[in-house]
Amino acid sequence: MDNNEVKTVDFIRTQINEDLKNNKNDKRVHTRFPPEPNGFLHIGHAKAICVNHGIAREYEGGKFNLRFDDTNPVKEDTTYVEAIKKDIDWLGAHWDGDIKYASDYYGIFYDAAIKLIKSGKAYVDSLPPEEARELRGSPTKPGINSPYRDRTVEENLELFEQMKDGKFNEGECTLRAKIDMTHVNVHMRDPFLYRIKKVSHHRTGDEWCIYPMYDFAHCLEDAIEGITHSLCSLEFINHRELYDWILDNLDFEYRPRQIEFARLNLSYTVMSKRYLLELVESKTVNGWDDPRLPTISGMRRRGYSPESIRSFCSQIGLSKVNSLVDYAFLEYIVREEFNAKADRIMAVTQPLKVTITNYPEGQVEEFEADNNPNREDAGKRVVPFSRELYIDRTDFIEEPPKKFFRMTKGQEVRLIHAYFVTCNEVIKDENGEVVELLCTYDPASRCAKSPDGRKVKGTIQWVSIPHAIKAEVRLYDKLFTLENMGNMEEGKTYSDYLNPNSLEIFTNAYVEPSVKDRAIGEVVQFMRIGYFCKDLDSTEDSYIFNRTVALKDSWAKIQEKS
RNA sequence: UUGGACGUCGACAAGCGGUAAGUCACAUGGUUUUGAUCCAUGCAUUCGUAGGUUCGAAUCCUACCGUCCAAGCCA
41 MDNNEVKTVD FIRTQINEDL KNNKNDKRVH TRFPPEPNGF LHIGHAKAIC VNHGIAREYE
101 GGKFNLRFDD TNPVKEDTTY VEAIKKDIDW LGAHWDGDIK YASDYYGIFY DAAIKLIKSG
161 KAYVDSLPPE EARELRGSPT KPGINSPYRD RTVEENLELF EQMKDGKFNE GECTLRAKID
221 MTHVNVHMRD PFLYRIKKVS HHRTGDEWCI YPMYDFAHCL EDAIEGITHS LCSLEFINHR
281 ELYDWILDNL DFEYRPRQIE FARLNLSYTV MSKRYLLELV ESKTVNGWDD PRLPTISGMR
341 RRGYSPESIR SFCSQIGLSK VNSLVDYAFL EYIVREEFNA KADRIMAVTQ PLKVTITNYP
401 EGQVEEFEAD NNPNREDAGK RVVPFSRELY IDRTDFIEEP PKKFFRMTKG QEVRLIHAYF
461 VTCNEVIKDE NGEVVELLCT YDPASRCAKS PDGRKVKGTI QWVSIPHAIK AEVRLYDKLF
521 TLENMGNMEE GKTYSDYLNP NSLEIFTNAY VEPSVKDRAI GEVVQFMRIG YFCKDLDSTE
581 DSYIFNRTVA LKDSWAKIQE KS
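Okay, so the first sequence: first residue is 41 according to my numbering, each after it adds one.
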């Protein structure tokens, strides 16, 4: 194609551009994110937030509302409201105006219901739930009218008021739209508008005992707030006809339009609020912010930044195709960010003692090290070196495979920032386990520079034993073993696919002393291992690090093949 | 046997009648004080299938196939 930057735009923005061209909505663009406060937000919600917030910010004068869709007091709670606010704010999706709540509009919903009753478009049904279900039919079988369908307006008005006043029990009656029980779209078969729930609401308390259904409330909320483009996920396509019907039969000033797009699915994890809740309640994971969870709070604790999540959301695109995004894509995005931003330090997760036999006892040298070799402005730090070091146990093999460049008897390797060293002797305990390596160093290779142009192929990190800081390191892996959790076998549940190795803890890790200055949540690169951040469980004298993402490891890949 | 949405590389995803963008993954080389990063190269003669219209089709028409959604007084 041509080299000029061809900016392609997704189908939603294409639609908005068209609406703008046609002067729809007085050229306003107003979106919203409408979470139900019944769980924590996850990366799938982040996509919806980024789409809605992003669109509002891209168009001149665009607005973005945060609205809690709290129409079902049975499931909802203020603790979720608080968690959701925190996550959205952290993501950097700043909402315009005050936070909105569907429960603020209960009075308006009620008046709208009265209006529908008065125009003969709604009626109070006294069918018990089971019978109502029966009469609804199925996608292939038309429904049958309720015997209460033809009550007079006066009767309906009176009964509805009695519903509101608590004269009926739960399930005894409902308010229904009078549309068409034989409609091909099941959602148009006299849908329920209001039901009785004698439950206190987290904001309105016991003021109401009738609560609006989603289909009735949502379009009204959008209209009340002047939302122009009401973006939702694909499964609501069948609801759009009802969304339009309700607004067509009332007279709100604004006329929002629903547009559906595909929600995000990520491989090797689940996005269902129900599963997430079960994982938390069954203590399979350690709370909503467990770093293995795809929740915003879990990802935050793991070290993901708002920028990386936003970048991911914009790069996966927007379409109407149900899709499954490869988790490797997420990992790529987060590595990309931290490769540029994160300072490098040295750490050893499984220590193996090394003694440099020709290095003077008691001597300490301080080497200057680049914080980020790819970025000069990242500055430098000082790393102490001494006669006794730890290297990682995995960097030494007594009988190495071909092309193993790391430490083995007689093979010179580079200790990053320090010296070239060669292992001469392997010390084992009574079980034959390697417990210490005796090495010699080349004083001429100071600062790990080759003194004579000779090459060393292996370069490994280390930590000076007298200076090292002990730490606990937590490695996280995929929570599930099945790539597409939407394809579980019949009769199996998510717990059948839990990855038993999703968390691996090294309690005996050592990190170079400069790590002391790092804040909780700050991401650094443990050279040759991965990106890590200090966990909030850390204290002044106990350090815990979470692995955000591992570095790519082509050596491991070669090993796997052979 | 219903209605709707959708099918472009292993995964995302452009393209909307003028002869298949890009990203991830993967592979192979090069650079390298991280087997990281970086750089280079390769990776759909073909767009679910079959017909048709056209000088020309992923794009238009027809038929078929497949996937997903819908029968909560959940959202």
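By construction, these hints were calculated from the structure, which means they are not laboratory data.
Do not take every clue at face value.
[Unchecked claim] Think about it this way: if two alpha-carbon atoms lie no more than 25 Å apart in a straight line, the pair counts; the simulated DSS-like pairs of lysine-lysine are:
#: 1; residue 1: Lys468; residue 2: Lys510
#: 2; residue 1: Lys510; residue 2: Lys393
#: 3; residue 1: Lys495; residue 2: Lys597
#: 4; residue 1: Lys597; residue 2: Lys442
#: 5; residue 1: Lys103; residue 2: Lys115
#: 6; residue 1: Lys360; residue 2: Lys64
#: 7; residue 1: Lys181; residue 2: Lys207
#: 8; residue 1: Lys442; residue 2: Lys497
#: 9; residue 1: Lys158; residue 2: Lys115
#: 10; residue 1: Lys489; residue 2: Lys61
#: 11; residue 1: Lys161; residue 2: Lys67
#: 12; residue 1: Lys158; residue 2: Lys103
#: 13; residue 1: Lys115; residue 2: Lys125
#: 14; residue 1: Lys518; residue 2: Lys449
#: 15; residue 1: Lys468; residue 2: Lys393
#: 16; residue 1: Lys125; residue 2: Lys140
#: 17; residue 1: Lys420; residue 2: Lys601
#: 18; residue 1: Lys393; residue 2: Lys381
#: 19; residue 1: Lys489; residue 2: Lys420
#: 20; residue 1: Lys420; residue 2: Lys518
#: 21; residue 1: Lys313; residue 2: Lys125
#: 22; residue 1: Lys126; residue 2: Lys64
#: 23; residue 1: Lys161; residue 2: Lys323
#: 24; residue 1: Lys601; residue 2: Lys497
#: 25; residue 1: Lys313; residue 2: Lys489
#: 26; residue 1: Lys155; residue 2: Lys204
#: 27; residue 1: Lys218; residue 2: Lys155
#: 28; residue 1: Lys420; residue 2: Lys449
#: 29; residue 1: Lys360; residue 2: Lys237
#: 30; residue 1: Lys518; residue 2: Lys393
[Claimed, not checked] Have a look at the derived ranges for each label pair, beta carbon to beta carbon:
#: 31; residue 1: Lys532; residue 2: Glu473; range: 49 to 55 Å
#: 32; residue 1: Gly498; residue 2: Gly101; range: 58 to 64 Å
#: 33; residue 1: Glu465; residue 2: Asp492; range: 45 to 51 Å
#: 34; residue 1: Glu371; residue 2: Lys601; range: 52 to 58 Å
#: 35; residue 1: Cys487; residue 2: Val49; range: 47 to 53 Å
#: 36; residue 1: Pro413; residue 2: Pro540; range: 45 to 51 Å
#: 37; residue 1: Asp492; residue 2: Glu580; range: 24 to 30 Å
Being a predicted model, the structure only gives us computed values, none of them experimental.
Every residue gets a Cβ at the ideal spot worked out from N, C-alpha and C, and that includes glycine.
Here is what the structure says about each hint:
no., hint, result
1, Lys468 / Lys510, "23 Å, holds"
2, Lys510 / Lys393, "14 Å, holds"
3, Lys495 / Lys597, "24 Å, holds"
4, Lys597 / Lys442, "14 Å, holds"
5, Lys103 / Lys115, "29 Å, violated"
6, Lys360 / Lys64, "23 Å, holds"
7, Lys181 / Lys207, "34 Å, violated"
8, Lys442 / Lys497, "13 Å, holds"
9, Lys158 / Lys115, "32 Å, violated"
10, Lys489 / Lys61, "64 Å, violated"
11, Lys161 / Lys67, "32 Å, violated"
12, Lys158 / Lys103, "35 Å, violated"
13, Lys115 / Lys125, "18 Å, holds"
14, Lys518 / Lys449, "36 Å, violated"
15, Lys468 / Lys393, "11 Å, holds"
16, Lys125 / Lys140, "12 Å, holds"
17, Lys420 / Lys601, "38 Å, violated"
18, Lys393 / Lys381, "31 Å, violated"
19, Lys489 / Lys420, "17 Å, holds"
20, Lys420 / Lys518, "35 Å, violated"
21, Lys313 / Lys125, "17 Å, holds"
22, Lys126 / Lys64, "34 Å, violated"
23, Lys161 / Lys323, "48 Å, violated"
24, Lys601 / Lys497, "21 Å, holds"
25, Lys313 / Lys489, "54 Å, violated"
26, Lys155 / Lys204, "15 Å, holds"
27, Lys218 / Lys155, "13 Å, holds"
28, Lys420 / Lys449, "33 Å, violated"
29, Lys360 / Lys237, "36 Å, violated"
30, Lys518 / Lys393, "32 Å, violated"
31, Lys532 / Glu473: 49 to 55 Å, "41 Å, violated"
32, Gly498 / Gly101: 58 to 64 Å, "59 Å, holds"
33, Glu465 / Asp492: 45 to 51 Å, "25 Å, violated"
34, Glu371 / Lys601: 52 to 58 Å, "21 Å, violated"
35, Cys487 / Val49: 47 to 53 Å, "52 Å, holds"
36, Pro413 / Pro540: 45 to 51 Å, "37 Å, violated"
37, Asp492 / Glu580: 24 to 30 Å, "46 Å, violated"
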